[in-house]
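S.K.: Protein chains in written order, with our numbering: chain A, 1 to 396; chain B, 1 to 396.
Keep in mind the hints are simulated off the structure, nothing from the lab.
Where hints are given, some of them may not hold.
Cβ-to-Cβ under 8 angstroms is the rule here; a few derived chain B residues that face chain A [claimed, not checked]:
| no. | residue |
| --- | --- |
| 1 | Y45 |
| 2 | S54 |
| 3 | Q55 |
| 4 | L58 |
| 5 | P59 |
| 6 | D94 |
| 7 | S205 |
| 8 | L224 |
| 9 | F305 |
These numbers come from a predicted model, not from an experiment.
For each residue, glycine too, the CB sits at the ideal point set by N, CA and C.
There are 2 protein chains.
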Amino acid sequence: MTTELDIVQDWRVFATDHTLVRVTLTADTAVVIWSDGRETPLHRYFLRDNCTCSQCYLPLTREQLFEITDAAADLTFAEAAIDAAGDLVVRWSDGHVSRYAPGWLRSHAPDDASRAERRAARPRPFIWGSEYADALKSFDYADIMADDSTLWAWLSALRSAGMTLVKNVPVEHEALLAPIARISHLRETNFGRVFDVKSKPRADSAAYTSVNLPAHTDLPTRELQPGLQFLHCLINDAVGGESVFVDGFAIGEAMRAHHPAEFATITTTQMAFWNRDDRTDYRWTAPLIALNSDGDLEEVRFANFLRGPIDAPAGQMDAIYAALRLFQAMCRDPKYFIERRLAPGDMWAFDNRRVLHARREFDPQTGERHLQGAYVDRDEINSRWRVLSRELGEPC
Amino acid sequence: MTTELDIVQDWRVFATDHTLVRVTLTADTAVVIWSDGRETPLHRYFLRDNCTCSQCYLPLTREQLFEITDAAADLTFAEAAIDAAGDLVVRWSDGHVSRYAPGWLRSHAPDDASRAERRAARPRPFIWGSEYADALKSFDYADIMADDSTLWAWLSALRSAGMTLVKNVPVEHEALLAPIARISHLRETNFGRVFDVKSKPRADSAAYTSVNLPAHTDLPTRELQPGLQFLHCLINDAVGGESVFVDGFAIGEAMRAHHPAEFATITTTQMAFWNRDDRTDYRWTAPLIALNSDGDLEEVRFANFLRGPIDAPAGQMDAIYAALRLFQAMCRDPKYFIERRLAPGDMWAFDNRRVLHARREFDPQTGERHLQGAYVDRDEINSRWRVLSRELGEPC
């Protein structure tokens, strides 16, 4: 059987130390046996779908041309073998030939053991509390601007801890845009590409007053809350106005461990968030803590000052308010928060869908306070981190 | 009991024809009886949380200052009555007094009948197939630019049918930005604020080649796919290149009705989407059809050329591929699609998270083809529509 196929390579490298030993066929499935004894059943459509020969894939874009709906209902294996190069080669009942490298097959194997291994290998977030005030990762502006490995380390810390400090950002209007441009484009909102946080006479949000702002995520009124927030301090002369940060994932995991009923309620109850403005009317409804399909924490969404009335059956109100009150109380518990006073040139960078931030009340009569902020979504951070990882030879 | 409370008004008007007749109290709950006999049990924390007096709400921003976690665990009703104005007035065990208008109470009542009424009153999407080619709503550029009620009608059609045509857009570079600016800011992506769809020598996506592009949504590789897509035709001289549109919600509802097993599979199986580019590496995983918490269709996410391998247990592959093959086959069924040839000055505006679009192969040797596109998220469309509805006296 010929193995001279023109394979379209992905940018990603899929490697394995294990080799393919044998393949056996049923009508629907090719079962490969690995050098470590693992058995992986490969469904005929799964294999056909993942043929990356240059007929099935467009070499220019590395994108699939073949559509699996075009495979015959009775498509089956004519022949399958492990070839001299160690690849699985399949000849199909319609004559098409496909080849699969062991690295790719092991990395995508649908047997339970392989899937459990992949799940176990996924990076876990670094969860923190007040002790992180001393361990908080900080980065220097000049290094981020000049050096890709510092940029990679900064993004790695943002992905893991969701919270970093950048020092020595020039104290200039929109200076935060330069380090952001090292990552990607911005997430624009109705507050602009860059927003100015200072007390305004005609405030359209509590953020633009001087009152105490309890722990919150920004823009929970949007279907996708902005992912990463960058807050750059230009002036901080007023009395008060300290910044407080809470790892919402720490609260989520503590609720899961110690308050399972409240955790179940808070992760499933739809909470409404509305803004109240004359020019915009944003509304979204979602659980305060959202889990992904594996049950892992995905995001926290909360700003008390933007909540709408809870729309839930009367009989559930007692449980919902118990969970909400507990969450709010935990956000104020000193063991979960770090409090810092920003100095001009400091820039917080944090995951707005995980880390809640608060601001102590300040007295605008005692001095000026001016921060500039901007957002970048998680997608952009992750994409940039993966491309840097490729370039630096790190796994991604 | 005094009812002289300074109430902070929302921008929204909540009205009802029904009046409050009586209120009875338990330790936890105030039960109001309405003029139509309905009984609404109101939990003490639900009522306390929704006190909008000027102590609990910041009048300047209409945002809540009070936090329900600050209510005592034993907070209860001292007294409750329907006052002369017809409002429910509550005096709390700590002396605080709250007032609730019947319009607000009826609009947020947590009894089952009221919740079912609200759910039934929600607008349903207008689902379409090939017959929509004749009924497709089209709007004139000049009217959208000049007239708020046309703008409102255009956005209403986009919210309902997810698909409209705008005629007579000036055939000029970036002319699509003017009608978009009537709505909001753009959703920027790595392809820029405005993207050019034409055949490129060094294509980083199948969109920038001349091949047949099967029905797809744009950027399924992002956590939030761009909401609304605007595609403005500048030149269309090449042979081929017709535009095809499919209402993904029509396919979703047909699968739900006629193929319930495949519908259950397609709405719960995580599908991977990856791009393959040297400068970006976007990845996201989500069901091909996503439902909201009420089981209604929320979005369709699909581009065959951006799919990654399916990561699912081996035993589920047969069912998953049956559902995927069915979905793809339905996208090609003429009863579900409309096909049109764009003329210069035409601009499609469609919901990219609902309406799949396809492009027939074209021959770049026979002439030029140049479209410009841009995205705006659903949040922005909805916010703008609600503010226009307020101004035009329409319900929202």
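S.K.: Indicate, hint by hint, whether the structure satisfies it.
M.R.: Consistency of the hints with the structure:
1. Of the supplied interface hints, the one on B:Y45 holds, with its beta-carbon coming within about 4 angstroms of a beta-carbon of chain A, less than 8 angstroms.
2. Checking B:S54 against chain A by beta carbon gives a least distance of about 13 angstroms; that is not within 8 angstroms, so the hint is violated.
3. With a least beta-carbon distance of about 13 angstroms to chain A, the hint placing B:Q55 at the interface is violated under the 8 angstroms criterion.
4. Look at B:L58: its Cβ gets to within about 6 angstroms of chain A, closer than 8 angstroms, so that hint holds up.
5. The closest approach between the C-beta of B:P59 and any C-beta of chain A is roughly 11 angstroms, which is over the 8 angstroms cut-off, so the hint fails.
6. Annotation: interface hint on B:D94 violated; nearest CB of chain A at approximately 16 angstroms, more than 8 angstroms.
7. Hint status for B:S205: holds, given a least beta-carbon distance of 6 angstroms to chain A, under 8 angstroms.
8. The interface hint given for B:L224 holds, since its Cβ lies 4 angstroms from the closest Cβ of chain A, which is under the 8 angstroms cut-off.
9. At a threshold of 8 angstroms, the smallest CB-CB gap from B:F305 to chain A is about 4 angstroms, leaving the interface hint in force.
The structure fails to meet hints 2, 3, 5 and 6 from the earlier list, while all remaining hints are met.
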